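S.K.: Here is how the chains run, residue by residue.
There are 2 protein chains.
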Amino acid sequence: MKWTQNHIFTLKEAPSDAEIPSHKLLVRGGFIKKLAPGIHTYSNMALRAIRKFETIIREELDKRGCTEVLMPMVQPRDLWEETSRWKEMGDGLLKFQNRNQHWFCLGATHEEAVTDYVRHDLKSYRDFPKNIYQIQTKYRDEIRPRFGLMRGREFSMKDAYSFDLDRDGALKAYDSMYKAYQAIFDRLGLKYRIVQADAGNIGGSQTHEFQLLAEAGEDALLVCDSCEFAANVEVSPAIDAIQHVSKDTSEKALEKFATPGHKTIADLSKFTSMPEKELVKTLFFSQNEGLDPKDKDLKPFAVLLRGSDEVNPIKLKNLLGMTNPPLMLTDEEVKMVTGAMPGSCGPVGLQIPIYMDNGVQGLKNYIVGANEDGYHVKNVNHGRDYKVTKVADLRMARAGDLCPLCKGKLSTYRGIEVGHVFYLGTKYSQKMNATYLDQQGKAKPIEMGCYGIGVTRTVQACIEQSHDQDGIIWPKAIAPYHVHICALDVKDEKVMGLTNSLEKELGSMGIDVLVDDRDERPGVKFKDADLLGMPLRLVIGKRGLDNNEVELVDRKTKAVKKINPSQIIAEIKQGLA
Amino acid sequence: MKWTQNHIFTLKEAPSDAEIPSHKLLVRGGFIKKLAPGIHTYSNMALRAIRKFETIIREELDKRGCTEVLMPMVQPRDLWEETSRWKEMGDGLLKFQNRNQHWFCLGATHEEAVTDYVRHDLKSYRDFPKNIYQIQTKYRDEIRPRFGLMRGREFSMKDAYSFDLDRDGALKAYDSMYKAYQAIFDRLGLKYRIVQADAGNIGGSQTHEFQLLAEAGEDALLVCDSCEFAANVEVSPAIDAIQHVSKDTSEKALEKFATPGHKTIADLSKFTSMPEKELVKTLFFSQNEGLDPKDKDLKPFAVLLRGSDEVNPIKLKNLLGMTNPPLMLTDEEVKMVTGAMPGSCGPVGLQIPIYMDNGVQGLKNYIVGANEDGYHVKNVNHGRDYKVTKVADLRMARAGDLCPLCKGKLSTYRGIEVGHVFYLGTKYSQKMNATYLDQQGKAKPIEMGCYGIGVTRTVQACIEQSHDQDGIIWPKAIAPYHVHICALDVKDEKVMGLTNSLEKELGSMGIDVLVDDRDERPGVKFKDADLLGMPLRLVIGKRGLDNNEVELVDRKTKAVKKINPSQIIAEIKQGLA
Numbered sequence: 000m001k002w003t004q005n006h007i008f009t010l011k012e013a014p015s016d017a018e019i020p021s022h023k024l025l026v027r028g029g030f031i032k033k034l035a036p037g038i039h040t041y042s043n044m045a046l047r048a049i050r051k052f053e054t055i056i057r058e059e060l061d062k063r064g065c066t067e068v069l070m071p072m073v074q075p076r077d078l079w080e081e082t083s084r085w086k087e088m089g090d091g092l093l094k095f096q097n098r099n100q101h102w103f104c105l106g107a108t109h110e111e112a113v114t115d116y117v118r119h120d121l122k123s124y125r126d127f128p129k130n131i132y133q134i135q136t137k138y139r140d141e142i143r144p145r146f147g148l149m150r151g152r153e154f155s156m157k158d159a160y161s162f163d164l165d166r167d168g169a170l171k172a173y174d175s176m177y178k179a180y181q182a183i184f185d186r187l188g189l190k191y192r193i194v195q196a197d198a199g200n201i202g203g204s205q206t207h208e209f210q211l212l213a214e215a216g217e218d219a220l221l222v223c224d225s226c227e228f229a230a231n232v233e234v235s236p237a238i239d240a241i242q243h244v245s246k247d248t249s250e251k252a253l254e255k256f257a258t259p260g261h262k263t264i265a266d267l268s269k270f271t272s273m274p275e276k277e278l279v280k281t282l283f284f285s286q287n288e289g290l291d292p293k294d295k296d297l298k299p300f301a302v303l304l305r306g307s308d309e310v311n312p313i314k315l316k317n318l319l320g321m322t323n324p325p326l327m328l329t330d331e332e333v334k335m336v337t338g339a340m341p342g343s344c345g346p347v348g349l350q351i352p353i354y355m356d357n358g359v360q361g362l363k364n365y366i367v368g369a370n371e372d373g374y375h376v377k378n379v380n381h382g383r384d385y386k387v388t389k390v391a392d393l394r395m396a397r398a399g400d401l402c403p404l405c406k407g408k409l410s411t412y413r414g415i416e417v418g419h420v421f422y423l424g425t426k427y428s429q430k431m432n433a434t435y436l437d438q439q440g441k442a443k444p445i446e447m448g449c450y451g452i453g454v455t456r457t458v459q460a461c462i463e464q465s466h467d468q469d470g471i472i473w474p475k476a477i478a479p480y481h482v483h484i485c486a487l488d489v490k491d492e493k494v495m496g497l498t499n500s501l502e503k504e505l506g507s508m509g510i511d512v513l514v515d516d517r518d519e520r521p522g523v524k525f526k527d528a529d530l531l532g533m534p535l536r537l538v539i540g541k542r543g544l545d546n547n548e549v550e551l552v553d554r555k556t557k558a559v560k561k562i563n564p565s566q567i568i569a570e571i572k573q574g575l576a
Numbered sequence: 000m001k002w003t004q005n006h007i008f009t010l011k012e013a014p015s016d017a018e019i020p021s022h023k024l025l026v027r028g029g030f031i032k033k034l035a036p037g038i039h040t041y042s043n044m045a046l047r048a049i050r051k052f053e054t055i056i057r058e059e060l061d062k063r064g065c066t067e068v069l070m071p072m073v074q075p076r077d078l079w080e081e082t083s084r085w086k087e088m089g090d091g092l093l094k095f096q097n098r099n100q101h102w103f104c105l106g107a108t109h110e111e112a113v114t115d116y117v118r119h120d121l122k123s124y125r126d127f128p129k130n131i132y133q134i135q136t137k138y139r140d141e142i143r144p145r146f147g148l149m150r151g152r153e154f155s156m157k158d159a160y161s162f163d164l165d166r167d168g169a170l171k172a173y174d175s176m177y178k179a180y181q182a183i184f185d186r187l188g189l190k191y192r193i194v195q196a197d198a199g200n201i202g203g204s205q206t207h208e209f210q211l212l213a214e215a216g217e218d219a220l221l222v223c224d225s226c227e228f229a230a231n232v233e234v235s236p237a238i239d240a241i242q243h244v245s246k247d248t249s250e251k252a253l254e255k256f257a258t259p260g261h262k263t264i265a266d267l268s269k270f271t272s273m274p275e276k277e278l279v280k281t282l283f284f285s286q287n288e289g290l291d292p293k294d295k296d297l298k299p300f301a302v303l304l305r306g307s308d309e310v311n312p313i314k315l316k317n318l319l320g321m322t323n324p325p326l327m328l329t330d331e332e333v334k335m336v337t338g339a340m341p342g343s344c345g346p347v348g349l350q351i352p353i354y355m356d357n358g359v360q361g362l363k364n365y366i367v368g369a370n371e372d373g374y375h376v377k378n379v380n381h382g383r384d385y386k387v388t389k390v391a392d393l394r395m396a397r398a399g400d401l402c403p404l405c406k407g408k409l410s411t412y413r414g415i416e417v418g419h420v421f422y423l424g425t426k427y428s429q430k431m432n433a434t435y436l437d438q439q440g441k442a443k444p445i446e447m448g449c450y451g452i453g454v455t456r457t458v459q460a461c462i463e464q465s466h467d468q469d470g471i472i473w474p475k476a477i478a479p480y481h482v483h484i485c486a487l488d489v490k491d492e493k494v495m496g497l498t499n500s501l502e503k504e505l506g507s508m509g510i511d512v513l514v515d516d517r518d519e520r521p522g523v524k525f526k527d528a529d530l531l532g533m534p535l536r537l538v539i540g541k542r543g544l545d546n547n548e549v550e551l552v553d554r555k556t557k558a559v560k561k562i563n564p565s566q567i568i569a570e571i572k573q574g575l576a
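One line per chain: the protein sequences are A and B, in this order. Its first residue numbered 0, the first sequence is counted upward by one per residue in numbering that gives the first Met the number 0. Its first residue numbered 0, the second sequence is counted upward by one per residue in numbering that gives the first Met the number 0.
With the rest of the complex left out, here is chain A (with noise of 0.2 Å):
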């Protein structure tokens, strides 16, 4: 492919909007211009890497009997209100009226189409198994879409679907698609990670993300020194590596005192000398899962940690049995339950629901604030002083935390998550009355798992793993093109001859060549095919033809070789392998 008969055009600068690497390349390298916030269109060599992913998807599901299909971007909301996710799935689905006032969602995910889709064909235990898969344009309207095709609102996904006569089955599917992820992400030949994570609302008792590693990533993993265990910091059990008990072995009087504007746990623990790891703080949520603000039904509840920890409000949800993550109550709400403003607020005296973390057990006499503004009280100790409904493990875990598996240390990464493995178990069967017969001629549901892999994010991950300061460092496997020729001399019949007859046999051999015939200088040249970052270049011009050499550069490791022009086709294999 000639560069000035594609559509490429890139720029010096990157766009104000484009925080991380990744985004920045892609854009300079003009591989994606935005149309709206989070949309995007896909340019020729973007597409090229897009689809060489997809490529590499479809030959890893094919060759373990899945089997792919297309299904619609417009959904009806009746399917939606089968399974009550027209209300869970909250403002990320995109809702609409048609012309005929019928009720419509865009597709970000296909539970329910797929299951939709089979439920009249899988009538008998033996139609089973069955692994369905599309890789198609998803839709999630994003509160903020950010970082490029990282966090987009119009994306393209691959996601599977398995049916199975019981749990054995799908978990033995379940197994058989993280193998095929393994696989396919081993072909890309980059650092991921597979790690235990929440199901969120797609549900599910048993999933595994997986995740490419990189600096910006969106995600916290916690990662065992010693054994297997990784966990998205969601999920990841908090074990203190130091179990603090405090020295005090009696309960002392309470004690109100005035904390003027010392309302963060920071201020505080200046102001007391006390650790901020002995401090407790209060936060405060709602139970109600109605996203309306005007539901007045607020349902609040209190969780009490240590000033030195975060919560962890999918451990809540999950303690909760809830679908979504709860709201934090606003400062007003606060008000209203406990009569101060937050920052002074305490479990002392509250009439609601109040979770513990496991880090405050340990704790006597501390201090909370008094439920009365610009004051807190000491000596404060639960069970006397407050009933504790529930404690549990409420708290992020932290770089130094225990391994819950073998007793070692727990380190920390930063990931992307480009794919996800959920088993479903009956969620969507029952729901959605999908059922079959089996050998008794009993109905069952069917059991369920899905699985999706974010194609267009993976490709820009692969980015943000793989780079320099100077441009993008391509992945062989979804590179655009393998070999960036330099045609310097555009004019000249000796290198351009040589150049198309290059072209020409390397195609031949499924090799894919870009050529910049552009009528410019070397150093325009050179940058560009940094930036757009093809695994070799090959820089072709008329003085090197005259002493009989070629330069072959290798993108990652900057490497330069001069080489004679017989034997290029040699060296690019072996550039390469």
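No wet-lab data here; the hints were simulated from the structure. Nothing here was measured: the structure is a model prediction, and the numbers come from that model. Careful, some of the hints might be misleading.
To be verified - Cut-off 25 Å, straight-line C-alpha distance, at most; resulting in silico cross-link-like pairs (DMTMM-like, lysine to aspartate or glutamate):
| # | chain 1 | residue 1 | chain 2 | residue 2 |
| --- | --- | --- | --- | --- |
| 1 | B | K51 | A | E53 |
| 2 | A | K33 | B | D120 |
| 3 | B | K557 | B | D529 |
| 4 | A | K51 | B | D61 |
| 5 | A | K1 | B | E53 |
| 6 | B | K62 | A | D553 |
| 7 | A | K122 | B | E548 |
| 8 | A | K1 | B | D529 |
| 9 | B | K503 | A | E59 |
| 10 | A | K23 | A | E492 |
Once you've looked at the hints, dock chain B against the given chain A.
M.R.: This is chain B only, laid out in the frame that chain A set:
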């Protein structure tokens, strides 16, 4: 691919909403399944056919220097306001507000999106020509979706856009795409016609439709028996084979007469003993393009035609320079304008514009409505009794009319519009300020063309043209599989051994094989093979193999060949040649 590993479920009966053969067959074969009106899931086999057609398209476009990209399906309102099409496209453009109350639409076509995509890149005359295309899911909110994929709401389309310096360049691009389309449709091996057409609300001054011929086609085509002329009835000039000129030479006196209850031309013809073609009918339309029924500014006008003719709303639209065909007045509106209900109306005494079809011009002393319920007037003459605003070709052409090029006879065909090429000129570039600097440094608007192929519609149209009473007859070029092996004794080692080795060997030769490995009776398998319609069926049974014999059936001709197993590969290659 084994039948049991895929997801194939055939139906004995088509659903009641499937009206035409191709729709019935697609549903019965499990190729498509309806999720909502006009919205379907494509099965694996449907997807295979679609992908093969997509590949044909890509090959023909890429070799002509076109560049594939992928633009968003969700598009912001601002973009469509730039060209006024936010309003002009009417309710077919699905519009919605996202969670932040910003207006968006689902892309029904991408002239705006692509012009925005290139307008910041193509700034110099050196950047031309460019031709950009995509294959993408589109959405049009059809009032009455029907015929399966033929008039669906969600469908797949290939849309290409050319960008040139001037009209000559744009017409060269048009010509190149015209030839690409010929190559694409030639490769399907089906009967099609290229016809002159109307540009609709895409705009543009030169346009051709590619019409696959089929009885159930929605479009009427007029094709000359003697020359190359072919046109959609929407734009075909209507030229009487025998011009009708009144025998009367003098104009008689006007005379009102009672015609109680005779409101239709047929009634009036019987009542007056005048042939329909000598009566004149008066129709009423509104030139107001506002779609809001509360809009009171009617802008009524009248159209006069011979009683035997039908009005062509596209000709009216073009005569009046409207964006969409004019709407007919309601009975109440007609009464308001004329004083009488339709059926008793005529041109005499009206104060609104009156457009007359060519065919009326030769009439004298004719009958029209008296603008008084239950009355007509006779001996009416234009010029004397009322003033004609303009005489023009306003009727539908029909079989037997004269060819406008060679005066041969026109015949009618039915077609399915599968492709459409438009020369757009600067309609979009001017409105969207897409300009380049020419060699003199002067800003000029880019010359554009746009080119569509209905991908999913074409796949169905192929079936509409190519089927019999038993099922589909897939064109070889897009058949989901080339060979359908019916393995009759699936527990027999010899049968399955041969089947499996053939599947593998043919697969390695690029011949796609579907193996019916179900434990079903031969009759069931043969019926399904006919329904699914792969070009060749190979029947392998135990009894046959004992006689060293298998059966090869040509789906189209139903010719059966008994062959020796050693001849299978050769016979299949020949059968597919």
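S.K.: Each of the hints needs a verdict: does it hold here or not?
M.R.: Evaluation of the provided hints:
no., hint, result
1, B/K51 <-> A/E53, "holds, 16 Å"
2, A/K33 <-> B/D120, "holds, 14 Å"
3, B/K557 <-> B/D529, "holds, 9 Å"
4, A/K51 <-> B/D61, "holds, 17 Å"
5, A/K1 <-> B/E53, "holds, 23 Å"
6, B/K62 <-> A/D553, "violated, 30 Å"
7, A/K122 <-> B/E548, "violated, 37 Å"
8, A/K1 <-> B/D529, "violated, 46 Å"
9, B/K503 <-> A/E59, "holds, 18 Å"
10, A/K23 <-> A/E492, "violated, 37 Å"
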